[in-house]
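Participant: Sequence:
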Amino acid sequence: MTDTVATGSLAGTERLDRLSLSLLFVGLFATAIGQAFVFAILPPLGRSVGLDEVRITAIISTSALIFTLVAPFWGRFSDQIGRKPVILIGLMGYCIGSLSFAVLFSLAGDGAVTGLTLFIIALIIRSLQAATMSATSPGCTAYAADHTVARFRIKTLARLSSANSIGMIMGPVMAGLVAGLGLLAPLVVASFMSGLATVIIGLKLSKGVKPRATQTQPRRLGGRAGRGPRWRGFSRRRRHQHRPRQRRGLRGATPAGGHRPEHRPDDERERGRVPVSYTHLRAHETVLDL
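Note that the working numbering has the sequence shown beginning at 3, numbered continuously upward.
In silico lysine-lysine, DSS-like type, Cα no more than 25 Å apart, as pairs: (1) K157 with K209; (2) K157 with K86; (3) K212 with K157; (4) K86 with K212; (5) K209 with K86; (6) K206 with K86; (7) K206 with K157.
Hint data in this document are derived by calculation from the structure and do not stem from the laboratory.
Produce the entire structure from the sequences given, and follow the hints as far as they go.
Facilitator: Set out below in structure tokens:
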């Protein structure tokens with residue numbers, strides 16, 4: 003990767019414009035405040051339809067685990083189809099999931115769905131919602147990184163991350179106010195907010211640039227083709243291809259032609275291939291002493 007791609011922005015811009023930054027902020031805020039609504043309203047809502055604390059916490063914990071596991075997949079998937087489609091998938095998934103959750107608990111309040119069936123359906127709906135809504139955060143983060151140079155990238159991503167913090171702070175307060183209209187009202191409001199964010203981002207946010215993973219990267223000199231093991235092996239073969247290979251057979255064995263070459267240990271000893279015996283060392287010492 004060249005220095006321009008590493009330190010500059012993929013879109014060629016110095017930093018993300020205010021409109022795009024605001025739209026991404028709205029998308030992350032709508033998701034975060036909806037999550038805060040669910041965390042605040044689900045315990046009393048579950049108890050009102052006969053779900054105990056263990057099943058309620060199981061729904062929350064399972065959805066959080068699925069959110070964590072699936073989010074990296076959406077990041078890689080955005081490299082293939084683009085950032086904006088992934089953001090819209092996450093917001094629309096959260097909108098449909100929250101609305102389905104509200105319909106389910108409405109049916110449970112009427113007695114149409116109860117007990118274990120209610121728990122299993124609620125767990126499935128919440129898990130699917132978490133799997134789709136996890137696309138919003140990596141999509142927004144990648145979009146901001148594509149349009150911001152390295153010098154302003156950390157500052158831009160910090161501003162986006164503050165949307166989650168503000169949403170989690172304001173969510174319980176707003177859920178308490180909206181809950182005066184009914185326990186299902188926060189779910190409906192969360193669905194409406196994420197749906198509205200989907201429409202606004204779909205109309206106002208630009209498509210963005212082609213993701214880096216799908217762009218044709220220039221082939222670097224000195225990579226695997228220049229310094230890799232394959233080239234080293236090739237160089238080694240080229241270096242030794244003119245050197246005759248010596249066949250090492252059994253001592254005393256006669257070659258196929260019936261002629262055994264004369265063995266000259268002194269020549270071998272001079273080239274360092276035959277170790278000098280103790281007898282020869284003593285002979286040399288005797289000569290030196292004389």
